[in-house]
Amino acid sequence: MLIRMLKSSFTRGIKSKLLAILAITFGASLATAMLSVSLDVGDKMNQELKSYGSNIVVVPESESLPVEIDGVDFNAHGVDKDYIAEEDVAAIKVIFWRHNIVNLAPYLKASARVDGEQIPVIGTWFDDEIRIPTGEKFRFGVKEIKSWWKIDGSWIKDGQNKNQAMIGEKLANKFDLQVGDTINLDFANGAEIVNSGVKVAGIIDSGDEAERQIYLPLDFLQEVIGLEDKVDKIEVSALTTPVNDLARKAQADPEALSAEEFETWYCTAYVSSITFQIEEAIPGVVAKQVRQISESEGKVLNKIQLLMLLVTIAALISSGLGISSIMTTKVLERKKEIGLLKAIGASDFAVIALFVIEIVVVGIVGGGLGYLLGIGFAGLIGQQVFGMAIAVKLIVMPFILLLASVVALCGSISPLRIALKLEPAEVLHG
Amino acid sequence: MKKWKMFLRMISQALKERKSRVAIVFFAIVVGIGVISALFSVYYDINIKMSKELRTYGANLALKPNSDQAQNLSLNELERVIAEFSQEELVGYRPNLYGIAEVESQVSVFKSNKPVVLVGTWFDQIDKINPYWQIEGELSINHDIKDEVVIGRDVAEKLGYDIGDKLKLATENTWGSEEFLVTAIVETGDDADNRIFLNLGVVERLLAKEGQLNTAYLSVISKGEDLKEKAAKINQKLSGVELETIQKIASSEGKVLDKIKSLMYLVVMVILLSTLLCVSTTMMTIVAERKEEIALKKALGAENQDVIIEFLTEAIILGGIGGLVGYGLGFVGAQLIGKSVFDSAISFRSMVMTSSFILSIVVSCIASTLPVSRVVDIDPAVTLKGE
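Heads up: the protein sequence lines correspond to chains A and B, in order.
With full-length UniProt numbering, letter number 95 in the first sequence gets 95, and the count goes up by one each step, no holes.
With full-length UniProt numbering, letter number 385 in the second sequence gets 385, and the count goes up by one each step, no holes.
No lab work stands behind these hints: they were computed from the structure.
Hints are not guaranteed to be accurate.
To be verified - Below, computed lysine-lysine pairings styled on PhoX-like, alpha-carbon distance capped at 25 Å: (1) B:LYS261 <-> B:LYS230; (2) A:LYS336 <-> B:LYS261; (3) A:LYS17 <-> B:LYS19; (4) B:LYS339 <-> A:LYS299; (5) B:LYS237 <-> A:LYS170; (6) A:LYS150 <-> A:LYS162.
Claimed, not checked - Okay, the calculated bits of chain B under chain A, using three or more residues with CB under 8 Å as the criterion: (7) 88-98; (8) 132-146; (9) 179-186; (10) 278-287; (11) 307-316.
As the list claims (entries may be wrong) - Pulled from the structure, derived: some chain A residues nowhere near chain B, Cβ distances all over 12 Å: (12) ALA33; (13) SER51; (14) ALA91; (15) SER147; (16) TYR266; (17) CYS267; (18) THR268; (19) LYS330; (20) SER347; (21) PHE349; (22) ILE381.
Model, not experiment: these values are computed from the prediction.
Every residue, glycine too, gets a C-beta built ideally from N, C-alpha and C.
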């Protein structure tokens, strides 16, 4: 009998339920969209913040202090420099948090004589395809890491054409060089002077010391100055989790952690655990976090996540009230029906059971439709803002179905109570 | 006149008699408009607020001599540039004077002198220009302190100094070495780790470069794009020195601000749309319920137009009051968000208030006239047959 009543209520009364389902759909879609965006915004913004450049720098362990001002070396007596082997660079991409390593670039610094003047020269990867020890290939280099560089001309690709260079804008103005011109560099290789002409592929407008430097393909520079397979700095851009108390404790002294804490720390993508793992992977290096980037990144991410959380709460309130107010009116509308049911002998319990099942069905149908619509909204936001889809978390679906039906029930409680209290005769007098 | 009075009575009766329904609609409008106006208030403030937050990345402008010649910048020129910025825009500025000093290494058995980059600066500006520095110990805020030194982490480790130690340093212009007390160690992950810092006045004396500077860093709230233009405008008034945007920070900031702004925009739009649809479906149900009332009015001789005007007036009253109350609630909500996320108040904008008020009225009018216009042509006899 109950089933028959439900059936007829959904077939014959479907018109009056449509509005309720529609309202629940809108409410649930709002909740779904906001929850999905809010759960994913940390990851998405983290990637956007990568445009500030690398947050980790790896240098060889060394006794000596660099004496540099604005990229110019003032160390009079050529101190024995320490180096990192270039073949070790790719090892950074096989640490525990390898998937969080977004990009990296090695550097080798030297100087060359141009028209009798010493100019800092840097060898690096620009946009090179690198094979890591697992056999996978990635494109690494300064092109992505220094996203703020504006290039007149073009980037050097894969360092194939060795006699190419990218030069800073200030240098280009000084020596009156254009893209396509050739510049003569004198390198010191031991006691020998090597002269080499390179073609200017691009001119760098960067707003920092790179404007006074010359960038060459790494292999080429290593060859001319006789430092094969050597680099002296690696910049790493990694996705990290904002620092918390555990990370601070670990950073102060990893030894002080208990075994359990150590495991949690090691298996969370804190910048300090990533630097720790890099030091494990490459012998004889120090991996430092660039606090300007890593600290600020954490702060900004926390702000954005908090903002989105509060906005999501506002959206949930709005959708919850939307759903419950429509249910209240819908139940109030059916006072007469309740009176009639009671007049022909239905117990309060039977009426409640009938309504609860109906409401839950309406809630779930509306919630399901709303979930689908909400995913659409979230996808739209993701595409528009970040140029990629928002990751849909499955956990959101049961939550939305539950939210829709529970809120719909909550909205129906008080009108149902009022309707049940009324005398059938009073309601049905007409 | 009489008709007017009757109309008023009908409206007030309609609102009074149907208390629970009116309450539901009112509630839906208040909450809906509240959420929408709160989010709009936050949205219009997000640029300036996030721009302030992004200052945690530090300086975005640098003042430098514009040629490679050894010509230096003077403090006066810095002051002139600073005067171009308003109090609210300028977070801080930090002058730097560089030099090389010899510092005795405490690590090796044979005591030897090592060259170290020496920086003269103002320590009170460090938490504004370099808020990301990790500082162990106390920075001497007072510009006049002459005998204290702050050292980078690598200097501390490689030369063997700790807080409280005496550090001797000599430059080309000093006779012998002078002693300073190490009061703080900074850890930064960049060049500053290899440097030692003294008050600007002290370094001027040590290097015999009174009133001179190498660079000055400025942190300016940019609100998006206009920083480069602003720098270019100031540069026209300067000679010998140049105000450069630090593109690494400034250009990324523009990108990130754009992202946040468009994210908030879309989110607010989705919420606006869903909330309005929710509110209007609720209103539509409630009006559709009043079929019998409409039929009765028509049976008593009311024209379609009269019915519609009556319902519209009701909707305007409900929407107007609901919109105002909702805006009030929303403004409080916006302050809560502002306080907890940005630790500052969200500013009042009359534009948001007016538009949420109008939005509220428009939505309630549309939501109530749609169902009314559908049922207004009904035959009273059919609808009322049961009564």
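How the hints compare with the structure:
1. B:LYS261 <-> B:LYS230: It holds: about 22 Å lies between the C-alpha atoms, which stays within 25 Å.
2. A:LYS336 <-> B:LYS261: 51 Å, violated
3. A:LYS17 <-> B:LYS19: 23 Å, holds
4. B:LYS339 <-> A:LYS299: 16 Å, holds
5. B:LYS237 <-> A:LYS170: The hint holds at about 21 Å.
6. A:LYS150 <-> A:LYS162: 22 Å, holds
7. 88-98: violated (count 1)
8. 132-146: Answer holds; 3 residues pass the 8 Å Cβ test.
9. 179-186: It is violated: at least three residues are needed, and the segment 179-186 of chain B offers just 0 whose Cβ sits closer than 8 Å to chain A.
10. 278-287: holds (count 7)
11. 307-316: With 0 residues close enough to chain A, the hint is violated.
12. ALA33: Its Cβ does come within 12 Å of chain B, the nearest being 5 Å, so this is violated.
13. SER51: 4 Å, violated
14. ALA91: About 21 Å separates ALA91 of chain A from the closest Cβ of chain B, which puts it past 12 Å; holds.
15. SER147: 7 Å, violated
16. TYR266: 21 Å, holds
17. CYS267: Given that every Cβ of chain B is farther than 12 Å from that of CYS267 of chain A, nearest at about 23 Å, it holds.
18. THR268: Given that every Cβ of chain B is farther than 12 Å from that of THR268 of chain A, nearest at about 20 Å, it holds.
19. LYS330: About 7 Å separates LYS330 of chain A from the closest Cβ of chain B, which leaves it inside 12 Å; violated.
20. SER347: The assertion about SER347 of chain A holds, with a minimum of 25 Å to chain B.
21. PHE349: 24 Å, holds
22. ILE381: 5 Å, violated
When each numbered hint is compared with the structure, violations occur for hints 2, 7, 9, 11, 12, 13, 15, 19, 22.
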